[in-house]
Structures are given as structure tokens and as C-alpha cells.
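2 protein chains.
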Amino acid sequence: MSLIDSITFNEAGLVPAIAQDAATGRVLMMAWMNEEAALQTLESGYAHYYSRSRKKQWQKGESSGHVQKVVAIYLDCDGDTLLLKIEQTGPACHTNRESCFFQQQKDGVWVSIEEPMK
Amino acid sequence: MSLIDSITFNEAGLVPAIAQDAATGRVLMMAWMNEEAALQTLESGYAHYYSRSRKKQWQKGESSGHVQKVVAIYLDCDGDTLLLKIEQTGPACHTNRESCFFQQQKDGVWVSIEEPMK
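Chains as they are written, first to last, in my numbering: chain A, 1 to 118; chain B, 1 to 118.
Hints were generated in silico from the structure; no laboratory data involved. We put the CB at the ideal spot given by N, CA and C, even for glycine. Take the hints with a grain of salt, since some may be wrong.
Partner residues are not named here, just some residues of chain A that face chain B (Cβ under 10 angstroms, in silico) [what the hints assert, rightly or not]:
hint, residue
1, G13
2, I18
3, M30
4, E35
5, L39
6, S44
7, Y46
8, G65
9, V67
10, C77
11, Q104
12, Q105
13, K106
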């Protein structure tokens, strides 16, 4: 079975993909891929996602330059989630932070633990 | 705004949650939470998820004993994905592997990189 045929896309034709910094292990973001984005990621070696709001496939960093070079790709046990270890250029988050997961639960509230890069 | 009100649940009332080993940084699994599961995770300090196949909320490890003690919880920039740093008891995967992400892309095929625990 081909790489892509082993992936279970959901009813919307999408699969969640987690991007993890290959060097630090930090989880940077979670986004969605359609089949085209998954294929382009596998073929190009750079992460491509599907924007649900813009309804189009895109290469991460195509406008910002904050590309993600794929180091390794993993598929989970039931085939419906991808994990990418990547080399991130610049911040992964559109807020200009290294990681999208910059809000941490502390004493019952979400606290920002990271400032945007200058 | 309360912790739970800051979380954007999808049209099915669910939010994806990534579980990462707090000690090793390894990404162990991705599963879904409904509001009840998120609340119980926040209140109990142990990961709870929602099973889409069984259509019920459950504590991870409630039958296997493979519980996940929450060390930290993060919310992403647009509020629709959670990241949990956890202490995992036993294997996280139902296949008895440490991580659900045990299939790695190598030379165009998915290769199992981890054996089930004995």
C-alpha cells in the first residue's frame, strides 16, 4: 500500500499533522493536510498544509519565509494523525512566536509564556 | 474568561489534544476531548479523552492502568488545539508501544520503528 493510501483522511478529506522541532523536541504547531498537501510534503521535503479558512493547500512559509524542512515523518497506530519532525526557519506561529502553544494553564487561567520575536 | 471558555471546540464539540512525554519530549499520541473530558483533565490532573467510536468520555488508562498524569497544559494561538505534557504510566499506545507514532516513512514506505512492550 502506498504511503498516502495508508493515511486515513477524515470526512472532510483532512488529516491532522503535528510539527515538532527536530532539534529541541518542542511541539510547534498542529495543522491540517489534505491529500495534495500530504503528497507535496512527502515529495518536496517541506511541510505543506491545507487552510480550512482559505480552503486551499499551501506551503508553510511560502509568504513569510518561515518554512519547515522535514526531517522525519511518522504515522500513528490508526493512521489518522501525522507527526513531522522538522527544521523550522524563523517562528512557527503566525503571532511570531517560536511555538503556537504559548499559552500555559497556571492557577486556573491561560498565561502567555512566550513573547513574540522582534 | 474561564479556561474552558477559551477553548474552541469544533462542530462536533471536540478539540484535539496532543500528549507529549514530559521527561523525554517524545510525542506519544493525539486524541480528542469533549468539554467534559477537558474539564475532568483540568480538575483531576489526569488526561481524559472522548472516544469517537465508543461515543463516550473516558480516563486514559481507566482499564489498562496506563494513566497519564498531567504536568502542564498548553493552548495554541487560535485556541483549537491542546498540548499536554504528561507522565505516562506504561505504554501510551493500545498496541502496547510507548508511542502511537511508531510508523516512520523510509524510502517511500511506512516502517515500524518500535516493537510492542512485553
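Tested hints:
A hinted interface residue such as G13/A counts as satisfied when its beta carbon comes closer than 10 angstroms to some beta carbon of chain B; here the least separation is about 15 angstroms, so the hint is violated. At its closest, the beta carbon of I18/A sits 6 angstroms from a beta carbon of chain B; the interface hint therefore holds under the 10 angstroms criterion. Given the 10 angstroms rule on beta carbons, the hint for M30/A holds: about 5 angstroms separates it from the nearest Cβ of chain B. Here the hint on E35/A is broken, as its CB sits about 15 angstroms from the closest CB of chain B, past 10 angstroms.
Annotation: L39/A was flagged as interfacial toward chain B, and the flag is violated, the nearest CB pair being 12 angstroms apart, outside 10 angstroms. A cut of 10 angstroms between beta carbons decides the hint on S44/A: the least distance to chain B is about 13 angstroms, and the hint is violated. The closest approach between the C-beta of Y46/A and any C-beta of chain B is roughly 14 angstroms, which is over the 10 angstroms cut-off, so the hint fails. Hint on G65/A is violated. Least Cβ distance to chain B is approximately 19 angstroms, over the 10 angstroms limit.
Look at V67/A: its Cβ only gets to about 18 angstroms from chain B, farther than 10 angstroms, so that hint breaks. Because the smallest distance between the Cβ of C77/A and any Cβ of chain B comes to about 5 angstroms, under 10 angstroms, the interface hint for this residue holds. Taking 10 angstroms as the C-beta contact cut-off toward chain B, the hint placing Q104/A at the interface holds, the least distance being around 5 angstroms. Interface restraint check for Q105/A: the shortest CB-CB distance to chain B comes to about 4 angstroms, inside 10 angstroms, so the restraint holds.
Hint status for K106/A relative to chain B: holds, with the closest Cβ pair at about 9 angstroms, below 10 angstroms.
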